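Using the sequences and the accompanying hints, generate a full structural model.
There are 2 protein chains.
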Amino acid sequence: MEKKLQELKTRLLEVNDLNSATAVLQWDQSTYMPPGGAAARGRQMATLGRLAHEKFTDPAIGKLLDELRPYEESLPYDSDDASLIRVTRRAYEKATKVPPTLLAEVYAHSAAAYQTWAKARPENDFAAVQPYLEKGIEYSRRIADCFPGYDHIADPLIDFSDEGMKAETLRRIFTELRRELVPLVQAITAAEPADDSCLHQYFPEDKQLAFGLEIIKDYGYDFNRGRQDKTHHPFMTKFSLGDVRITTRVKENDLSEALFSTLHEAGHALYEQGIRMELDGTPLAGGTSSGVHESQSRLWENLVGRSRPFWQHYYPKLQAVFPNQLGNVSLDTFYRAINKVQRSLIRTDADEVTYNLHVMIRFDLELALLEGKLAVKDLPDAWHARYEEDLGVRAPDDRDGVLQDVHWYGGLVGGAFQGYTLGNIMSALFFEKALEAHPEISDEIGRGEFGTLLRWLQENIYQHGSKFTADELIERVTGGPLTIEPYIRYLRHKFGELYPL
Amino acid sequence: MEKKLQELKTRLLEVNDLNSATAVLQWDQSTYMPPGGAAARGRQMATLGRLAHEKFTDPAIGKLLDELRPYEESLPYDSDDASLIRVTRRAYEKATKVPPTLLAEVYAHSAAAYQTWAKARPENDFAAVQPYLEKGIEYSRRIADCFPGYDHIADPLIDFSDEGMKAETLRRIFTELRRELVPLVQAITAAEPADDSCLHQYFPEDKQLAFGLEIIKDYGYDFNRGRQDKTHHPFMTKFSLGDVRITTRVKENDLSEALFSTLHEAGHALYEQGIRMELDGTPLAGGTSSGVHESQSRLWENLVGRSRPFWQHYYPKLQAVFPNQLGNVSLDTFYRAINKVQRSLIRTDADEVTYNLHVMIRFDLELALLEGKLAVKDLPDAWHARYEEDLGVRAPDDRDGVLQDVHWYGGLVGGAFQGYTLGNIMSALFFEKALEAHPEISDEIGRGEFGTLLRWLQENIYQHGSKFTADELIERVTGGPLTIEPYIRYLRHKFGELYPL
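From first to last, the protein sequence lines stand for chains C and V.
If you use the numbering used here, the first sequence corresponds to residues 1 to 501, in order.
If you use the numbering used here, the second sequence corresponds to residues 1 to 501, in order.
Watch out, some of these pointers could steer you wrong.
One copy or any two copies: either way a pair holds, since identical chains are not told apart in the list.
Distance condition first, Cα-Cα at most 25 Å in a straight line; then the derived DMTMM-like pairs of lysine to aspartate or glutamate [said to hold, decoys possible]:
1) Lys317 to Asp471
2) Lys494 to Asp28
3) Lys3 to Glu105
4) Lys9 to Glu105
Hints were generated in silico from the structure; no laboratory data involved.
Source: prediction; values computed, not measured.
In structure tokens:
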């Protein structure tokens, strides 16, 4: 058995190395690659991806997984070896159930759909993408049908990024959340809007970057095992547990852009850097789901990085860096500015309160499309209707309406959005637990100290990598299932202090 | 036949993509990778290298090459397809004649030898590396013996980097060259030494880098298909013909360091960027030998970049960038400073005239070691003796003696040094031909214009990639074999003007 496990690990390490190489090529493509490198780079990444897929779906891996089942069952559920076998088996089943020919068709479709969308969005041309979207939904259904036995056709698609989550559970949770959020937004936006003009002055790039780096160093991001570079769309990426990088972008006329993207990506990176080194190079060495991953980026960005104690410590430092711009701006004004709530059209620019409404609109429309209850041709109108209902705004066109996000046009329809809101919900759930265990965390944040919080997160969440699903992890940490209560408490408390609710 | 050729190309493209990915990983390792990434990165590159080797040595490729022989013979020798098949066959034979087990042993040995050397050099401990060097020579002989029928045991090793070159030819050429150089160095060093103190002032990094970039832009280096980053040991690397990068290093107290390394690496890059785009992704899309490659780096670094007309144009610009440092330094003083000739101990710091003596010492010692005429234990003394004879200097220890270069301690012994001097010889050979065809090139250089020279080099050398061996290329360009005459003429003319010869 020891020998078979070793063989499995050797094969998985080869797949890991190919995938890590692809990640390096992607990082380079997004940061430093000159324009002339684009064509060959796309092909190189496709080659590595194909080889990794071939090696991972090799029937020899399936055979090893079968042979190792008795060994797995003889071990504790949460042991490294049992978890490795279990998690690999789930991934292997997902990777092998979709026929390679269908997968190739989907890749080709995704590339064509993305190209079309990239041109159609600035031209506000929904008609151009409509046939691609119809085709995309058809492919999504065919992929889902490779996993018979689902309750809802979106379940297998959701399962790709949030393992074990079901459409019906999410629909129930999101309905509850929406019931809370819509009146909250109404109450907030009825009040005097916050003045965020202090954020829109000239802030030189180098100083913005240096300030952000200073904070994430305090967070505990290990620069010996990471670095930050500039890119167009910020992301976190990992080449090994010893090399977890983040990227950011800077707007010299908007202080919040680089700062909060840095804190957000650092949250993702703290999760990856906190995984036990013994798991490096295995399928366990990564965050467990898009929801849990997002919970950590949002925790460090919002629950910590947009909190009052945090800025009680950092605002004088920020003022010292930008004395001309912020010297006469009070902490209170600044705090309100970075927590301004407003009805808006664009998801990625949305504040903490309205953000989830944007996400849930997309999630519900996705389900309706997959269920066949909504036709693609009716999607733009359905989009506008739902924005008016939930957010009280209507986009002047499809560019800032149904064409605004790449997700539906660069891959499958379904499963790509729920993680954002799951992340917000879980961020408060985990943070509340951490505070329960260590009430001193709030005071520490007010002193720019994050060690107690980081250690609690490492101990309870990070170290495990993807050993446990999100549900298992939540059960272990909170003793119960996923609930929105802590998140609602958090929002009511924070925004109740800022606005008359 | 068309179908078989296509299959060959598809297989070679896959190998190319794996090798290009390895190159990206190496570039990142040398430029931006945080220290924590080192261990996994080494393994990732080894995995990609192994897969590329497996795919390239697949017997299916050998079979295709056999089947394509009649097709190849039906085509003109210099056609793309015939050249692709011919060059691939030579590479395939080299890759398959060495048994994988021997190759694995050599890799393991190289890694261990390098580790030992990296520690032994600062400690001046030749005894520590002696057994590794002995083992390295044994491996080199075993590798050479995989290619029976050689005239000299070093021939197969030389052939890896300078295809078709033979030890005896090189020995003859180098002996001629040495006969010219030793008295030249004696005459120069008998004269008043040049004062290069103007180069050793404080020159801020950003200004140094910007100035170097300005020049290579004038050279014709295409930043749309390349970029420059900082590293410890400067190099050129290529991920595709659309992405040819260079690196440099800066010393703020030595103006020549970054400047000439930038011009040198840009020369390598101009070669690669000048290859016909149709060859991209194939084994033909690369410089043809280490000698020809080095001829281009040295041509742009020395024959152009250390020439008087060049600095007549650029020196006023350099003075404008560094007015405090160079405002009172005359062009003549600066020109003498960057062309200072001196007897020295370290190859990589050597000037144009003495550099080849350093190389030839190593080449001769290598041959003696491989022939068994020199024992490793006697190498340090042989080194010192030869330095005293050729350069009139003796290192105080082995650190700056036989331990100074990594080459013998990080791979095979033999074949790694001759390319440097071949490059110098060829740089003058090609440059003289370009001037014969276009005598206006000198005046153009004096105006900071390089278009005529670059186009001549592209037309005659660069576009072909590795279609022709160095010998074939020299024959095509000059109508004769390799000769040192132009190089000697170049040195006598240039340094005769600077020193009383």
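Here is what the structure says about each hint:
| no. | hint | verdict |
| --- | --- | --- |
| 1 | Lys317 to Asp471 | neither (40 Å within a copy, 66 Å between copies) |
| 2 | Lys494 to Asp28 | neither (39 Å within a copy, 43 Å between copies) |
| 3 | Lys3 to Glu105 | between (38 Å within a copy, 24 Å between copies) |
| 4 | Lys9 to Glu105 | between (31 Å within a copy, 23 Å between copies) |
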